[in-house]
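Those protein sequence lines, which keep their order, are chains A and B. First residue of the first sequence? That's 0 in numbering that gives the first Met the number 0, and the numbers climb one at a time after it. First residue of the second sequence? That's 0 in numbering that gives the first Met the number 0, and the numbers climb one at a time after it.
Everything labelled a hint here was simulated from the structure, so no lab data went into it. Ideal placement from N, C-alpha and C gives every residue a C-beta, glycine not left out. Just so you know, not all the hints are guaranteed correct.
[Claimed, not checked] Restricting the straight-line Cα-Cα distance to at most 25 Å, the calculated cross-link-like pairs of lysine-lysine (BS3-like) are:
id	chain 1	residue 1	chain 2	residue 2
1	A	K223	B	K222
2	B	K184	B	K204
3	B	K208	A	K343
4	B	K222	A	K364
5	B	K208	A	K223
[What the hints assert, rightly or not] Footprint (simulated), chain B over chain A, 3 or more residues, beta carbon under 8 Å:
id	stretch
6	89 to 102
7	119 to 125
8	210 to 217
9	352 to 358
[As the list claims (entries may be wrong)] Between beta-carbon pairs, the in silico distance windows are:
id	chain 1	residue 1	chain 2	residue 2	range
10	B	A29	A	D135	56 to 62 Å
11	B	D321	A	L371	43 to 49 Å
12	A	K12	B	F80	29 to 35 Å
13	A	P231	B	Q254	50 to 56 Å
14	B	E350	A	H220	44 to 50 Å
15	B	A29	A	R49	47 to 53 Å
16	A	H220	B	R156	32 to 38 Å
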Amino acid sequence: MSLTETLTALNQKELALADVVASLWKRIEEREPEIHAFIRLADPEALMRREEALSSQPLRGLPIAIKDNLTTVDLPTTCGSKSLSGFRPPFDATCVTRLKAAGAQVQGKTNLDEFAMGSSTEHSAFGSTRNPCDPDRVPGGSSGGSAAAVAAGEALAALGTDTGGSVRQPAALCGIVGLRPTYGRVSRWGLVAFASSLDTVGVLARTVRDAALVLSIIAGHDPKDATSLPLPPHDYTENLETKDLQDLKIGLPREYVPPGLSPAARGLVDRWCQALQELGAEVVEISLPLTEYALPAYYLVSSAEASANLARYDGVRYGLRVPGELMAEMMAATRTAGFGREVKRRIMLGTFALSAGYYDQYYGKAQRVRTLIAREFEAAFQEVDLILGPTSPTPAFRLGEKADPLSMYLSDVFTLPSALAGLPAISIPGGEVEGLPFGLQLIAPRLGEEKLLRAAYALEAALSA
Amino acid sequence: MDVIIGLEIHVQLATRTKLFCRCRADYFAAEPNTLTCPVCLGMPGALPVPNRKAVEYALRVAFALGSEVQPRSQFDRKNYFYPDLPKGYQITQRAVPLAVGGELVYLLDGEERRVRIRELHIEEDAGKLIHTPDGALVDMNRCGVPLVEIVTEPDLRAPREAREFLRALRTLLRHLGVSNADMEKGELRCDANLSLSQDGELGTKVEIKNLNSFRGVERALAKAAQAQAEPLSRGERVMQATYGWDETRGELLLQRQKEEAHDYRYFPEPDLVPLELSPEFLAQVKEGMPELPWARRDRFVSQYGLSARDAEVLLAEPTLADYFEQVAAGVGDGREAANWVLSEVLRYWREGPPVPAGELAELIRRVRAGRVSRTNAKQVLEEAAEGGRSLLELLESRALEQVSDEEELRRLAREAIAAHPQAAADFRAGKAQALGFLVGQVMRATRGRADAKKLSQILRELLTE
Ligand SMILES: [Zn+2]
């Protein structure tokens with residue numbers, strides 16, 4: 000059942016909160032030993048007990064899974080890192096506060112690549128998460144725990160974070176919906192920073208409507224985040240249903256259907272175009288020639304920011320501390336023991352990119368490329384309303400399959416450009432390739448969530464019919 | 000050989016709260032680690048939000064120095080590891096500072112000197128390490144306290160000039176109401192760099208860090224100049240180096256040499272948007288500017304007829320200048336008020352005035368009206384200042400009101416002549432000093448309250464009748 004259907008059943012008293020919690024925990028018992036979507040779970044009894052207290056609230060006490068890089072006071076927040084093992088934050092992330100204010104409860108904290116750096120959820124200090132569709136395969140990442148929990152039926156919906164594709168790519172690989180809002184739409188207060196200028200809080204859900212519902216709750220201006228946009232709250236479920244998409248022109252970038260894409264995937268892209276046309280939309284081919292530069296630009300900018308954002312895990316105030324004779328030794332030993340390989344790799348890369356003598360050549364150039372990519376999207380959106388393409392070039396790969404970092408990074412080529420431009424985008428199930436889910440991505444201009452969700456909602460219905 | 004000195008000055012802004020959080024900023028004498036929150040402790044997920052008041056205060060300094068305010072400045076991260084730096088970076092302004100250019104004119108031996116300002120920017124302070132026999136402790140109260148850094152051009156030519164410039168800057172800051180600028184409390188900190196130039200060729204620069212007294216600035220620079228002059232006169236090279244200053248021993252402490260120079264890997268702070276200053280906001284700050292000390296000095300000369308020197312002394316402390324103006328208003332004579340304040344009140348001045356301005360004005364009025372003798376007035380003022388008692392109450396209780404009533408004086412004079420016929424005869428015989436004896440007798444009888452001038456006149460009349 001979707002979140003929306005569950006709410007309806009609760010409202011009509013067909014179900015009680017205790018029934019919902021019990022059935023979710025039954026799924027957890029069945030699937031979790033294999034999938035390992037959660038790092039920590041709430042106490043189900045405690046969730047059930049709040050039924051009465053929350054029954055008048057919009058979300059009626061329903062549990063929502065929270066990615067473990069979003070701070071929660073009820074449960075530790077580890078970011079999948081040894082450096083924050085058992086760390087109890089003193090405050091809730093704004094998105095969590097808003098969910099709670101709407102009557103939701105924190106179901107548990109989901110697994111992720113350490114500090115959200117990765118595309119497979121293999122880089123967690125607390126073990127890998129597996130894809131519910133095929134446990135030999137990865138769920139994608141970094142919000143792999145959130146995606147797997149929803150796909151396995153262990154959670155009704157989950158919050159994730161999307162820096163370069165970390166909500167959309169796992170949603171695609173697990174066959175669910177993943178929504179990344181416009182940068183600044185949802186507050187980053189309580190999102191443990193990986194790359195501050197790219198990090199967004201997103202939603203993983205079973206349906207587009209569920210994603211729209213959760214977005215309506217978590218979005219809106221927050222004075223605690225200086226980059227939060229001063230926009231009023233909005234109900235994104237309001238205008239989902241339309242007869243057709245006749246008013247929309249959809250662009251399919253040539254670069255999003257590269258020669259390397261499998262014939263099965265190409266076939267799906269054709270099917271999506273056909274479905275859109277049947278809905279009345281016009282589909283045109285466009286070109287985004289800077290797409291190939293997004294990957295290097297993204298890794299330089301995000302790693303540079305990460306190198307500073309992760310400097311605070313020095314053992315002085317909280318988290319892991321490995322003793323040392325001198326202060327500098329304590330800090331070095333703590334960081335050596337606290338971070339995994341991928342995190343260290345990115346800190347090194349970012350530190351290098353910002354170093355005197357290299358700054359302009361690397362970080363500076365990457366920022367200039369980023370500006371050009373944003374302009375390229377702006378120009379494209381003069382012509383079309385939305386941009387269509389696959390979310391990721393391949394379906395879920397096997398655990399350990401992408402051992403070299405670059406081949407792993409390549410699974411984000413279609414999600415990185417829009418992330419660099421701060422645009423809203425969504426991944427919905429687009430069919431199957433090799434018997435595995437394959438995601439369809441729609442990208443909208445800045446603040447174009449309504450249009451994005453309306454098209455995704457119509458396509459979701461058309462493709463599942 | 001010419002001494003060339005430039006200064007980098009850190010001024011602690013006297014805002015109520017810190018630069019990026021709402022913690023109280025006045026950490027002086029607070030229990031360690033009591034003025035902290037997730038933001039200034041660099042907790043995971045916490046974000047900075049700029050303090051408008053700090054920007055306003057920094058702008059006041061920029062306007063006062065005639066600096067060019069940049070309508071769009073930017074915050075940057077300065078990266079380095081230290082236990083008192085919770086985020087592992089300091090938020091400062093590097094690439095685009097708040098303001099550039101400007102100058103400060105100060106007086107050296109009564110002559111105007113100019114020091115050009117290179118730039119002025121806002122940044123956050125770090126915490127403090129407290130060294131104990133059992134190891135270092137860290138106090139985060141000072142973390143995030145707003146500072147404005149003022150960088151001068153190398154326009155100072157002697158250690159004494161540096162000291163006088165700093166004094167003038169402190170006076171300015173106090174008049175602007177933006178900082179208490181007390182060097183002993185660390186509210187005004189100075190780094191200095193010095194080089195000796197020979198035959199117009201600039202020598203090697205040495206830096207002296209953390210000078211925290213005016214005397215220290217002068218002594219440390221003198222020491223550094225001396226240390227350079229010796230090898231230079233022998234034709235040897237000077238090594239580029241950074242020193243600390245040991246105030247009690249009066250010694251420079253070598254901290255590091257050039258090869259160990261830091262790479263701070265500055266880059267734009269992604270958690271903050273550029274600081275855009277609207278013309279309206281700038282106009283509003285300009286409007287709220289207090290009178291600048293040099294304008295006030297000119298006004299003191301023209302409005303009250305003070306000498307430039309007296310005006311300068313009164314303006315050293317804005318509270319003293321304010322006090323003077325209150326007294327002047329109460330007396331209705333600026334010169335008279337200045338005489339009293341400078342010659343009598345100033346010696347009892349401890350952090351603030353020894354007696355309220357209104358009471359002093361009343362005392363001066365009574366002296367001018369001939370109701371209290373100048374000698375008695377000074378004596379009461381001293382007692383009030385040192386005993387912490389009310390000046391007016393003392394005046395009443397001592398019955399110090401001067402006897403200046405014509406009839407009363409005449410009566411007293413007759414009594415004195417009758418009691419000392421010999422003295423009267425002596426005066427009449429041409430011994431002028433006998434008059435003084437008779438005046439003294441009346442004074443003794445009235446305990447000094449008789450108006451001496453009037454009394455002599457009356458005695459003279461009576462004796463020559
Ligand atoms: Zn604070």
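Hint check:
For a cut-off of 25 Å, the pair hint linking A:K223 to B:K222 is broken: about 49 Å separates their Cα positions. Restraint check for B:K184 and B:K204: the C-alpha separation of about 28 Å exceeds 25 Å, so the hint is violated. Pair hint B:K208 plus A:K343 does not hold up; C-alpha atoms about 34 Å apart against a cutoff of 25 Å. Proposed proximity of B:K222 and A:K364 is contradicted: the alpha carbons are some 46 Å apart, above 25 Å.
Annotation: proposed proximity of B:K208 to A:K223 is violated, straight-line Cα distance about 35 Å (limit 25 Å). For the stretch 89 to 102 of chain A, the proposed coverage by chain B is satisfied: 3 residues have a C-beta within less than 8 Å of a C-beta in that chain, meeting the threshold of three. Coverage of a stretch by a chain is defined here by at least three residues with a beta carbon nearer than 8 Å to that chain's beta carbons; for the stretch 119 to 125 of chain A and chain B the count is 0, and the condition is violated. Remark: the stretch 210 to 217 of chain A is not confirmed as covered by chain B, as 0 of its residues place a Cβ nearer than 8 Å to a Cβ of that chain, below the required three.
A stretch counts as covered by a chain when three or more of its residues have a beta carbon under 8 Å from one of that chain; for the stretch 352 to 358 of chain A and chain B the count is 4, and the coverage holds. Between B:A29 and A:D135, the C-beta spacing of about 58 Å keeps the proposed range 56 to 62 Å intact. B:D321 and A:L371 have their C-beta atoms about 57 Å apart, which leaves the hinted 43 to 49 Å range violated. A beta carbon spacing of about 58 Å between A:K12 and B:F80 contradicts the range 29 to 35 Å that was offered as a hint.
A hinted range of 50 to 56 Å for the beta carbons of A:P231 and B:Q254 is consistent with their spacing of about 53 Å. In this structure the supplied range 44 to 50 Å holds for B:E350 paired with A:H220, their Cβ-Cβ distance being about 45 Å. For the pair B:A29 and A:R49, the supplied restraint of 47 to 53 Å is violated, since their beta-carbon distance comes to about 40 Å. Hint check: A:H220 to B:R156, Cβ distance near 54 Å, so the stated range 32 to 38 Å is violated.
Violated hints for the displayed structure, listed by number in ascending order: 1, 2, 3, 4, 5, 7, 8, 11, 12, 15 and 16.
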